[in-house]
Amino acid sequence: MISLEELAQEAAEGDKGAFARIYEALLEPLYRYFYWNLSSREEAEDLTQEVFVRCLTHLDAFDRRKASFKSWAFRIAHNLLVDNLRRGRRRAGEEISAELESDQPAVGESLEEEERRRALRECLLELPSLQRQVLIMKYFADMGNEEVARVLGKTTGAVNALQHRALRKLGGVLDERGWH
Amino acid sequence: MALKLFGRGREAAELELAAEAFLEETPPPEIPRALRDYGLSRVMALASSREESRGGKEPVHRRPAFARRLALILLVCVLVLAGGTSVTYAASLDAMPGSTLYGSKIFFERALLFFTISRTEDARLEMSYCERRVQELERLLRGGEEQGRERWLQEYLRNLDGAESLLDSVPPQEAEALSSHFLEMLEGHSILMHDMRRDATSALSPILERAYEECGACMTRMRKRYGQGGGDLESPGMPGGCNENGGAGGDGRVSPGNGGPSGSPEQEELIPHADGSSAAPPDEHRQAEDPYRQGCKDACDKGSFSWNLRED
Chain A
1 MISLEELAQE AAEGDKGAFA RIYEALLEPL YRYFYWNLSS REEAEDLTQE VFVRCLTHLD
61 AFDRRKASFK SWAFRIAHNL LVDNLRRGRR RAGEEISAEL ESDQPAVGES LEEEERRRAL
121 RECLLELPSL QRQVLIMKYF ADMGNEEVAR VLGKTTGAVN ALQHRALRKL GGVLDERGWH
Chain B
1001 MALKLFGRGR EAAELELAAE AFLEETPPPE IPRALRDYGL SRVMALASSR EESRGGKEPV
1061 HRRPAFARRL ALILLVCVLV LAGGTSVTYA ASLDAMPGST LYGSKIFFER ALLFFTISRT
1121 EDARLEMSYC ERRVQELERL LRGGEEQGRE RWLQEYLRNL DGAESLLDSV PPQEAEALSS
1181 HFLEMLEGHS ILMHDMRRDA TSALSPILER AYEECGACMT RMRKRYGQGG GDLESPGMPG
1241 GCNENGGAGG DGRVSPGNGG PSGSPEQEEL IPHADGSSAA PPDEHRQAED PYRQGCKDAC
1301 DKGSFSWNLR ED
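Residue numbers (my numbering), protein chains in the order written: chain A, 1 to 180; chain B, 1001 to 1312.
To be clear, the hints were calculated from the coordinates, so they are not data collected in a lab.
Where hints are given, some of them may not hold.
[What the hints assert, rightly or not] Covered by chain B, per the in silico footprint, the following chain A stretches (three or more residues, Cβ under 8 Å):
no. : region
1   : 3 to 16
2   : 25 to 37
3   : 46 to 53
4   : 113 to 120
5   : 169 to 179
[Claimed, not checked] Computed, partial: chain A to chain B, Cβ under 10 Å:
no. : residue
6   : F19
7   : K66
8   : A166
[Claimed, not checked] Taking lysine to any residue and the SDA-like style, the derived pairs with C-alpha atoms no more than 25 Å apart in a straight line are:
no. : chain 1 : residue 1 : chain 2 : residue 2
9   : A       : K16       : B       : Q1154
10  : A       : K16       : B       : R1042
11  : A       : K16       : B       : R1036
12  : A       : K16       : B       : I1031
Every residue, glycine too, gets a C-beta built ideally from N, C-alpha and C.
Can you make the complete structure from the sequences, with help from the hints?
Following this line, the structure appears as structure tokens:
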């Protein structure tokens, strides 16, 4: 099986098929990353697309000796998310809850599942940003401690500590909301 | 207390487990169809349009052609600068006071002094520059030129002063030989200037007088400082002193300053020094034999300074 790094090299040489395979491999983790971090599906969709556009236009800047392709793509995603959150900080918290309320389930999703997801998103949004990032990357983007550490610019030990703290806090919030 | 802590730890672990279970049981969201089906083609289209717009607006300094041109221009600049400097240096070697290139000549002399790391070499260089100044003075007189005389005097005095002050900072074992040579050189200058005073034009005369006085004053100071007869210049025959006939000083050193071994009135014509003492005219043969002096002179003539003028 060809690694993402090899595919990236082929894509950089102009192979569109290679980039299509990268897209296929990273679409789900990237979309989930934005989905759990943001209050709106549309925003998550736009940002996912933007990450791929940036990956494609900056493929020549990718250096496989420095990081894996997935870490590199997530670093772009993380930067985009930080920019987005900085812009969105001006919006009131009520507005974000309203967005979550109005977020319609996608076709084929049951109401119960959607309810559970909405609850988790609300709880996650109560966590500090870094703790939330760690949980989302580890549980929804299938990333290891090392990859997460590289994206966030932390050590693996720090990521581990952040994960424990985040889980404890999330457990508390879920408990308060009666989800246990 | 321990039970309490244990209870808290257990509670935290339970919370972590519960949260982990919730995260794992929550079904992931469906990928929107727009992204799944058309996303890739949209990404491709957006990327190519951005590439196009970026290509048009690429900053000039990032273009390879610009870098090549810049490198070429820099190379040409370096070559022109290096070539120009060499040509100016070569042309300025024979420059006389008052000429356009005289400033460059002085500049190169100072630059050479700046890049010399040893004080001894600095002192030797300053002495060689003093010699060079006197050669310039001779040429000025011979050509009957008067332009640039003020500048000449200024530079001569600066070189004298520089050499004298540098002698204070050279190591003692070298200071003796250097000061002896400097004194010898000054006496040569003094004799030459004494002769020149007779032929000097009215415009050059005050400059020459001043240089002669300064040369004499410098000689006196050197003698006093380094004990070569300076302590008792007026007393003939005293140790280290200079007698009226230019006889050998008490220290027995071979130098015109203390008369030298051939300072007898029967043998040579005596020439009064600017500092009041008298000495025999410089012995050409003796000067030629002195490798130290010869080294300085060669450096002067070539316009460069050798680092090994003297085997110490």
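Against the structure, the hints come out as follows:
{"no.": "1", "hint": "3 to 16", "verdict": "violated (count 1)"}
{"no.": "2", "hint": "25 to 37", "verdict": "holds (count 5)"}
{"no.": "3", "hint": "46 to 53", "verdict": "holds (count 4)"}
{"no.": "4", "hint": "113 to 120", "verdict": "holds (count 4)"}
{"no.": "5", "hint": "169 to 179", "verdict": "holds (count 6)"}
{"no.": "6", "hint": "F19", "verdict": "holds, 8 Å"}
{"no.": "7", "hint": "K66", "verdict": "violated, 22 Å"}
{"no.": "8", "hint": "A166", "verdict": "holds, 8 Å"}
{"no.": "9", "hint": "A/K16 / B/Q1154", "verdict": "violated, 78 Å"}
{"no.": "10", "hint": "A/K16 / B/R1042", "verdict": "holds, 13 Å"}
{"no.": "11", "hint": "A/K16 / B/R1036", "verdict": "holds, 17 Å"}
{"no.": "12", "hint": "A/K16 / B/I1031", "verdict": "holds, 22 Å"}
Against the hints set out earlier in the document, violations occur for numbers 1, 7, 9.
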